[in-house]
Structure formats: C-alpha cells, structure tokens
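Here are the chains, one letter per residue:
Number of protein chains: 4
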Amino acid sequence: MQYVITAVGPDHRGLADPIVHCVTQLGGNIAEIQMYDHDEASVFSMLTRVELDPANDASLRQSIAEISARTGLSIRTWMPRRLDRKPRLAICCTLRTETPRAVLAAIKSGEIAAEAAALISNRQTCRGLAEEFDVPWHDIGRPDGSADDERMIDICDELGVDYVILARYMRILPPSSCWKYAGGRIINLHHGLLPSFPGMRPYHDAHAARMLTYGATCHFIVPELDAGNQIINQTTFTVAPGTSRDEIIRRGEQQNEPACLVEGVRRVVDREVALHFNRVVALKV
Amino acid sequence: MQYVITAVGPDHRGLADPIVHCVTQLGGNIAEIQMYDHDEASVFSMLTRVELDPANDASLRQSIAEISARTGLSIRTWMPRRLDRKPRLAICCTLRTETPRAVLAAIKSGEIAAEAAALISNRQTCRGLAEEFDVPWHDIGRPDGSADDERMIDICDELGVDYVILARYMRILPPSSCWKYAGGRIINLHHGLLPSFPGMRPYHDAHAARMLTYGATCHFIVPELDAGNQIINQTTFTVAPGTSRDEIIRRGEQQNEPACLVEGVRRVVDREVALHFNRVVALKV
Amino acid sequence: MQYVITAVGPDHRGLADPIVHCVTQLGGNIAEIQMYDHDEASVFSMLTRVELDPANDASLRQSIAEISARTGLSIRTWMPRRLDRKPRLAICCTLRTETPRAVLAAIKSGEIAAEAAALISNRQTCRGLAEEFDVPWHDIGRPDGSADDERMIDICDELGVDYVILARYMRILPPSSCWKYAGGRIINLHHGLLPSFPGMRPYHDAHAARMLTYGATCHFIVPELDAGNQIINQTTFTVAPGTSRDEIIRRGEQQNEPACLVEGVRRVVDREVALHFNRVVALKV
Amino acid sequence: MQYVITAVGPDHRGLADPIVHCVTQLGGNIAEIQMYDHDEASVFSMLTRVELDPANDASLRQSIAEISARTGLSIRTWMPRRLDRKPRLAICCTLRTETPRAVLAAIKSGEIAAEAAALISNRQTCRGLAEEFDVPWHDIGRPDGSADDERMIDICDELGVDYVILARYMRILPPSSCWKYAGGRIINLHHGLLPSFPGMRPYHDAHAARMLTYGATCHFIVPELDAGNQIINQTTFTVAPGTSRDEIIRRGEQQNEPACLVEGVRRVVDREVALHFNRVVALKV
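Line by line, the protein sequences are chains A, B, C and D. No gaps in the numbering here: position 77 of the first sequence is 77 in UniProt numbering, and each next residue is one more. No gaps in the numbering here: position 166 of the second sequence is 166 in UniProt numbering, and each next residue is one more. No gaps in the numbering here: position 133 of the third sequence is 133 in UniProt numbering, and each next residue is one more. No gaps in the numbering here: position 183 of the fourth sequence is 183 in UniProt numbering, and each next residue is one more.
Treat the hints as calculated values from the structure; they're not laboratory data. Check before you lean on any hint, since a few could be wrong.
[What the hints assert, rightly or not] One-sided and incomplete, this derived list gives chain B residues near chain C with beta-carbon spacing under 10 Å:
| hint | residue |
| --- | --- |
| 1 | His-21 |
| 2 | Gly-28 |
| 3 | Ala-31 |
| 4 | Ile-33 |
| 5 | Gln-34 |
| 6 | Met-46 |
| 7 | Glu-51 |
| 8 | His-276 |
| 9 | Phe-277 |
| 10 | Arg-279 |
A virtual CB, placed ideally from N, CA and C, is assigned to each residue, including glycine.
Chain A on its own, in the form it takes in the complex (with noise of 0.2 Å):
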C-alpha cells in the first residue's frame, strides 16, 4: 500500500530522520522523498512516499503518533489508493458561485465519485450553496477580509479530508498548508490558461494581449513557488474579433470554468492522473 508522509517542522534539523527511521524499521520502501527548507518564510518541510505492507498500518500509524508528540513535527499520513471508502473533498471558494456549484453538483450526479466533506470560504457569499446541496459549511473569514489558513487545515484534518478544492477561492495558500496537504491533495481552478496568464485578472490580460482565445486551467498546487504549473485539465473557448470583455468573463465564469474544474476533479478522483515527483503522470491512458 501506498503511504505519502508529510512533515513540516520549525527548522529543517530533525525533520527527516525519525521519519526515515520508522518507515525503513516497518520494512517500507522510500519511493519519493523531497526537502524544503526555506528561512525567509520559516517553512522547513518534508515529503515522502512510501510503500508500506499494509499489515503494518496501524504500528506506522502508532509510530508517527509518538514521533510527532516527541518532536512537535507537524506530520501527516494518506493513503491516496484506499479502496474502502469514496474520497472526501473540501470545496473552498470566496465570491464567485459557478465552480463549486459545479463540483457540488458533478457529486451529486455522481459524474465526481467522491464525498463532499465540506464548503469553506472566507466570505458568506456562497453559504446557500452548503444549504442547497446539504453540505456542512465553514466560515474562515476574518473581519478584515482575510482568511484564517490553520482553520481551513484544521477542518480538513478533523474530516478526513483527501483532496482541498480550490474553486476560485481567492486566498493564496501558505506554504505550510501547501506542505502539510501536499503530494497532490490541492488542486485549484485558475480562470486563466498556464501558463501564458497567471495573474490575478487573466481575462484582462489575454484581452489586452488582443487574443481571441480564453481558457481556464486545473492543477495540482505544489508547495515552492518556482515549481512549474502541474497542470490536470485545461479548457478553452474562442471569440470573435469585437467580442466585448464583459461578454468573453461572462462565458468563461458560467461556462468554461466549472466544465474544466468539474473534468480535473474528476481525473483526479478517479485516479486517471496523479502527481508523481512534481510532475502530473497518467496512470491510465
């Protein structure tokens, strides 16, 4: 069985050895293993995959238990093949209701084989969604209109939550929850194409690039900054010369964008492609 093992831990000293230890003491194979340390922004972390008999599962669950009491790493355990219960997703989102609206209805149609474990968001716009589709909804907002990112975490964790969606959710992510869900558990749906157009206002850009093109993008979120765009889906639609501006966001937020953030969840749920040393692989072709 596979295990991917997250660590991230207040220097990078001790960060990968009791780890490393425990797993080769059960008798597991290291099959991916990356470091992290970068001082500005105080994030040391650790990923690992692992292959692991299953019949030790509960001493490598116990073992990480103590390590993490002893050494106060903030450590994570998933088994992204487990067969004995769907997947559960947390839908994140802001303002804009058209992609989780999607993926809540993708899983409820069962077009997405998964659960929805929760609807967060850092604003009360989308709330009538968690009514709509009977999904426990969590309120990170903070007054000042930013985010409390160890909430979001923290209700994740206690759900059992596989993979964090991240449906025009307009908070970026720190690198330590990057790290602490990392190994392909976050994917985002940026309104842009990947990556020709990355900023904030995509559609703006490409406009003023005077394309007539416009996409959106699916994709794993990797925790350096660096890193390249693991992209899962992309779709895209054309205009005509003289199309407005207003006309081209309109298609792509009520049309394009959910289509594309409800196929890349989907492949990811359905383990068509996962991320596999930064880069996304097909598992199936």
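Given chain A, put chains B, C and D in place with the hints provided.
Just chains B, C and D, lined up with the frame of chain A:
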C-alpha cells in the same frame, strides 16, 4: 471609395510629400497615414488610407504612375472594398500540404468567396496541389533552399492579388515585402497560440511547458518587428494528460491548423474584419 | 528648421488634412508623419516632423492657430533645435526627493545646460526642493491622491516647456498628454532595468528573481501602450549574495537612480540623442 | 563533517533506501535529501547532504563502495569543507579563450585559492592555454563536434575534482552529469543577464531589445530544467546610444565575462557562498 496606398523608397526624404500632394489635390481625405524609417534594414516606407471620389480613380492611377516614374518609389494602390470581382488570393506554402489544401478546397466549395490566383512555394512538395485544384504553380525556390522574395511580389503584382496567404510558408518575409502589401493584405497561419508561443516550434514549446491546450493563430502580418500580433482567428484543442507530442502535432497539423486558417481567410474575404491603425477591428458584429 | 507638430482631436477624420495642407503650402517637407486612432481610449492624434524655412515661422504659427480655432484640434508646434535659449524643463515628482533634487542640482551646477521652469507634483513631499532651488512650485494633486493631468499640460504650455522630466513621478500620464508632448519631449526615470522589469516594484521583482544586478532606465515616453522602450540611459549596480532588499533599494534610490536620470537628461538637452521614428538615435557618436 | 552524496541509477526504486540506511546506521544526520525521477530522460537520482562524525569516514566510503557494487548505482561522496588541500577545478571550454584564460591566471596569481586540475574541451582552440599555464589538457571532442559527456565525468572522478567550471563551454551537460556533480559543484558562466536573457545569443537579444546595459552571470547549474537560476555573481557594463553590437560583444567577451567568472569562482572557492536547498546562500556576510 477607400484606397490604400503604400510606398517603399530608398530613403525617408521625399517619401510622403508627392503622394500626399496628389491625394489632396484630387480632393481626397487622409484617413490614416504611417511612415516607417529603419536605417539598419534600409527600409523606408509609408502607408496611407484615403477616401476618394471613385470618379477620380483614373486620375489617381495616372498621378501615382507619374510619381513612381519620377521618384523611383515603389508604389501600390489597392481598393479593399471593390465589388466588381472576387478577391484574388496568392497561397504561399513550403512543406506542409494540409493548410494550403484546406484553403484551396474552401475556395472550390465556395466557403471562401475568393479566387485562387496562384500557389507559390520555395519547395516542390505542394506542386501536386496546384494540379489537383487547377491553380497556377509558381516556384520561387532557390538552390540553397531560400526564396526569391522579389519574385513573390512580382507575381502578386502581375496577377492583381488582393491577399497573400502564408499557409505554413516557412520563410520570413523581408520588411520591404511586408510594406509593399501593408494595410491588412498578408495573412499568416502560425501553428501556436500567440502571443504566448511565438517561436519556430510552438508545439514543442507548449509541450515543454506541460500544457494540455494547443492552438493555432491566423493573423495579419504588420511590417514592424515590434508590433503586436493582429489576430483574426484562433482555434484550440485540448488533450488528455499523457498524450504524446507526436499525436498532438498530428492533430494540430491535420485538423486544427486547416480549420483555423480557412475561417480566418473567410473572415477577411467576407470583410467581417479588417486592419485599422494596426488593430484588427470587427466590421460586422 | 525642424518643427514637430502634434495634434489631438475628437476623432480621426479631419485630423491630418488641415495640418498637412498648411505645411505643404508653406513649402515644408514632411520628414515623418504618424497617426494614432484608438477608439477605446477616445484618443485620436497625429505627429508630424517637418522641415520648413524659418522665414515662414510666423506664417506657420498663424495658420496653426487658425486651424486650431476652426477645427477644435489641440495642436502644438515645437522646435527641437532652437538656439536662442536654453531648453526649459518641467520636473515632475511625487514622493521621492532624490531624483528631482539631482536634476535640479545638475542644472544649478551647469552639468545640465537647461532652465528649471517648474517643479510639478501631486503631493507635498518635494515642496522644499522648490524653495531650496528657487524654482516655481505647482501642486496638481487632488484630494483623492490623483493628479490633474490637464493642469500639468496647461502649466507646460504656459511656461514654454521643452521637456517634461518624470522624476519618480508616480502617476501614469494619460495617452492624450503623451501625444500632446510627443516627439521625444517626455523623459521618464524607471527604477528598474527595462524591458526585463517593467512593473511598479522592479526592485522587488528582480530580488524575487534572485538577481544580483539592479538598475535604472531613463527613457522617452512614446504614446502607444504597445511600443518598446526608448532607452536613453541605463545604469546598474551589483550586490553580493545575501544583501538585503532594503539595502539594495537604498543604494538604488540614493545613488543609482539620480545618476541615471541626470546623465539621461543631459544627453537629451545636449542633443546627443533624439527620438526618430520611435527609436532613440545617437546624433553625435 | 558535511558530506554530499549523489546517486544516479537505472530506476527510482531502490535508489534511496540503501544510502539512507548506510548513513543512519553510521549515526549520521540527514540535513537535506532530494530525489528526481524523469522517465522521459531515463534519469533517476538522489542527493543527500548529511552530517557525519569524521571518524566514520572510512566506514562510509566502504559501505558506499559495497552499495555501488551490489546495486549498480553510480554514487559519489563529496566533502565540501575539507581543509587538507585546496579545491581542485576542472575548467571546461570550447572556442572562446578569454574566460578560461582569466580563471587560469587568477589561480596562478592566487586570487582564486584553488588548483587547476584539468582543462577539458571538445575543440582544439584553447589547447595553447594548457601549455601556457602547464595544466593537463583533455580533449573530449568527437569528430561530429559533440562532446563525450561520460569522459568528462570520468576525468573529474579520476582527478578528484571538486568544482567543474564551464567557461563558455558551448555544450549542454546531460542531466545525468548534472546529478553526478550536484550540490553546488558545477559553475557556469552565461554571457547575458539571467533570468532576462537566457538564450544562446544574449548579446543579440539584449541589443534587439534596445538595451544599453549588458551583463554576464555566474551561476550554479542545478540538475532540473525547470529550476531557477542560482546566481553567484553578476557584472554589467553600460554603453552609449549608437554603440555597435560588435563593439558591445567585444567589451563583454574581453572584459566583463572574465571578471564575472573569476569573482564568481572565487566566492565559491573561498566558501563565501554555497548551494543550500537549490538556493545560493551567503555563508559570510
């Protein structure tokens, strides 16, 4: 009636005055005028778009001929909105047959309401198309693989060509050719999305960027190296993760590029779009 | 004698004809002519550089005044090579004092052979410089922090300003202002290397790219958003690995930027460089 | 004592476990560990930086030799902070002599406190330098102009080379070579400012962008195509408008590039900077 007059000369002195005099003396109005002086490339040129009473057409042509004879300027007068005949196209190609074939077929079927005046190439690969579609074939290739750029212009002049279609024509037109047919008369098919992937190998570049979206761009050539891209049409297709680059190129060359160019040429021929002060504007929305 | 004539009007019709007629009837030669039509910004403008017998100077000015009165066009006539007086500079600033101080000091010392006609600002921070160097102070700030762009142009018109110096002036000039003083009369100091770091925070961007080289760029403003950068001078400094961003900004603002701008303005005032068909050319090499 | 251990193998399975076991059994601490798996390039590799009691040095080397023999992994153990001898440099060059000459001269004069272990080239142009500075010459060129990349690594292994200096070496090292000498041991001189001008012709590109600033960049090679540039030193020079491109290239190649590389190599050899988790960090500020 609108006329587009282009002039290319040996220096920038004496370039504008005689033509401006001629037009204003005939009672014409200057709707647009641009000059270009690039010492390094030894290209000095002017474009003016004027409105003139068609009754003065013969006088204009006679005056321009006299100016040309007296000054040595290379001057062309073009009527973008003539109604007495279909636009004449010169289709330029090199090695790939898909896009020139698609344009020829669309002319034959009537989808593009134009006349195929010539098939021009610097290689022999597409010669069969000329026979198949009964279009005059012009070989402008030189033994070293380059093209006789002046011969291309001479052919277009002799045949009264309205639009030059670059259908995966693999040579870069010199600035003097671009200026001689300036004003929205040269239409290029680029086999990538502009402005994101401008190079010689856009499929490879987009693939290296791990994109899942590929596209083609049909645009006017504007005779300044620094100018933005004047996009007439863009078409895209998306692929699943894991699709091979060869398969992507195959789909792009065989399906996407021909469709992109045919629709782009149709928009120009049907005067749905035109070049106006270096921008593409929609004439009918 | 060379004249640069700029015209800004309510549409592109009727923009070129009256000025072209006037110049050619006075026996002038058109050395350069450019028109610009941008519906979205409602800016329609023309620049022409002509050679005219100075004996016709009064006739030119009278004719232009009549055209302006009759058509409502906003027309300016500028003589870039006048010898009867030193060039007059309007120095525009906002919050940083280093670069305007350096220009004022270089004028006082004679390094820049010009006259400081005005210190213009949308903030109060640099007011002390006006008193210190005995230069008229013009406050064009509005309560909301923006600037009265038309007032800036009015001041420059009234004072017979030859060159507008943007010395870390933090507002973007509207296209109409750029066109009114087109032809190489607006000189900007950008606090980063162009074209690599064009944004509002070039020190931050270069630091984020882990560069060890930082620079400043003095360039002509050319009134088209898409135009390349017309660089008059660039200066750089390099730092050792580990140098803090604050220290880098301090060195840039206090030492590098002032030196860059002073030398750039000197090159223009001494007519070592000029703008010629949107390119910077060296007049004396 | 710090050790950097790199391993390159035929697949990613079995890459990490034996080395991790060996190090932890000897009581070492893992300070950094990275793995890389790129199926397309068939490169599978690992880097680990460990702290180990020097008393275990012989045990480490013996264990590594056994692992290498048993698994077929290509493993290297490097001590970046050894004090018993000067660092040994392999200087790689192709056609230009200025930068390799400058490094050799700086070693001879003592400015760079290192030993020139070898001059390696795929061409004959720099052979005279080997004789002049009495450094062993190694020709790794092939008849077709390419280089024997494996021979380069063999030479460095045999000579106990600490750092590989690419002094305008015109071949791209394969990923396997980069990984074998990973950890901040390969130093490149790029003849343009990074990251702005990364291509093969940075002087031409910056000149085409009308820049007046030109530069060179000395950086560590990091064995992932997508990685940012790890800059050790940058030097620049500025030119007056109108300076010819040939003159710019002459100044760059003869003055700026040699100075940039010599200072960069000196910083590494004097351990003022080092590579730490893919970033350049200042060790003494």
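Now for the hints, and whether the structure bears them out:
Interface hint at His-21/B: satisfied, since its Cβ lies 6 Å from the closest Cβ of chain C, which is below the 10 Å cut-off. Because the beta carbon of Gly-28/B sits about 9 Å from the nearest beta carbon in chain C, less than 10 Å, this interface hint is met. Checking Ala-31/B against chain C: minimum C-beta separation of about 7 Å stays under 10 Å; hint holds. Annotation: Ile-33/B was flagged as interfacial toward chain C, and the flag holds, the nearest CB pair being 5 Å apart, inside 10 Å.
Among the interface hints, the one on Gln-34/B holds; its C-beta lies about 6 Å from the nearest C-beta in chain C, closer than the 10 Å criterion. Interface hint at Met-46/B: satisfied, since its Cβ lies 8 Å from the closest Cβ of chain C, which is below the 10 Å cut-off. Annotation: Glu-51/B was flagged as interfacial toward chain C, and the flag holds, the nearest CB pair being 9 Å apart, inside 10 Å. Interface hint at His-276/B: satisfied, since its Cβ lies 7 Å from the closest Cβ of chain C, which is below the 10 Å cut-off.
With a least beta-carbon distance of about 4 Å to chain C, the hint placing Phe-277/B at the interface is held under the 10 Å criterion. Interface restraint check: Arg-279/B against chain C, minimum CB-CB distance 8 Å, threshold 10 Å, status holds.
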